[in-house]
Amino acid sequence: MFPCVTSPVSLLDIEVYEATHTVWAKTGASQSVGGELMFKFLKNRVQKFTELYLSMRLADGQQSTSLVLKATVSITICRRTFQTDLIFLPGNRTLLGVDFLKTSGIVMNMRKNYWYFGDKPKRRIPFA
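So the sequence shown is numbered by full-length UniProt numbering: it starts at 1 and just counts up by one.
These are calculated hints, taken from the structure and not from any lab test.
Warning: the hint list may mix true and false statements.
What the hints assert, rightly or not - Subject to a maximum C-alpha distance of 25 Å in a straight line, what follows is the list of computed DMTMM-like cross-link-like pairs (lysine to aspartate or glutamate):
hint, residue 1, residue 2
1, Lys-26, Asp-13
2, Lys-43, Asp-13
3, Lys-26, Glu-51
4, Lys-70, Glu-18
5, Lys-112, Asp-13
6, Lys-40, Asp-13
7, Lys-48, Glu-15
8, Lys-102, Asp-13
9, Lys-40, Glu-51
10, Lys-122, Glu-15
11, Lys-70, Asp-13
12, Lys-112, Asp-99
13, Lys-120, Asp-13
14, Lys-70, Glu-36
15, Lys-48, Glu-36
16, Lys-26, Glu-15
17, Lys-122, Asp-99
18, Lys-43, Glu-18
19, Lys-120, Glu-15
20, Lys-120, Asp-99
21, Lys-43, Glu-15
22, Lys-70, Asp-85
23, Lys-70, Glu-15
24, Lys-48, Asp-99
25, Lys-102, Glu-18
26, Lys-26, Asp-119
27, Lys-26, Asp-99
28, Lys-40, Glu-15
29, Lys-102, Asp-119
30, Lys-102, Glu-15
31, Lys-48, Asp-13
32, Lys-40, Glu-18
33, Lys-102, Asp-85
34, Lys-48, Asp-85
Please build the complete structure, drawing on both the sequences and the hints.
And the structure:
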C-alpha cells in the first residue's frame, strides 16, 4: 500500500495490479497523474510507458511544455475497473483527475465526506 501523505478529504482507495493504493481525487486537474511511488510500482510490473510532449497550464496561469511518460493502467475501485491514462510528472503524488471521475461516474459530496457512483446514488462510500 502506498499512503498519500496529505490531508485532503477526497482520498480514494484503488487497486492497481491487485495492490491497494490511496490516491487523491482532484476536480482541479483535468488529467490523472501518476506519482513517483506509482511509477516505481508500475515499472517493477513491466508496465509499458510512452513518451510525449505535454503542454500544461498550472493554477497560477504559468504554461509550460514538458516531455513526460504516459501509461494506460487498469484501475479498480469498488469492484469496477477502468482503463485510465496516467501521466507521470517528477515530484508529484498520484491523483485521479476529472478524466477519471467522468469515465468512472464518480460523484463526490465534499460537505458530507462521501462519494458514490452516479448509477448507484444510495450506495455512499466514505472517503479513505
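Report the numbers of all earlier hints that the structure fails to satisfy, in ascending order. none
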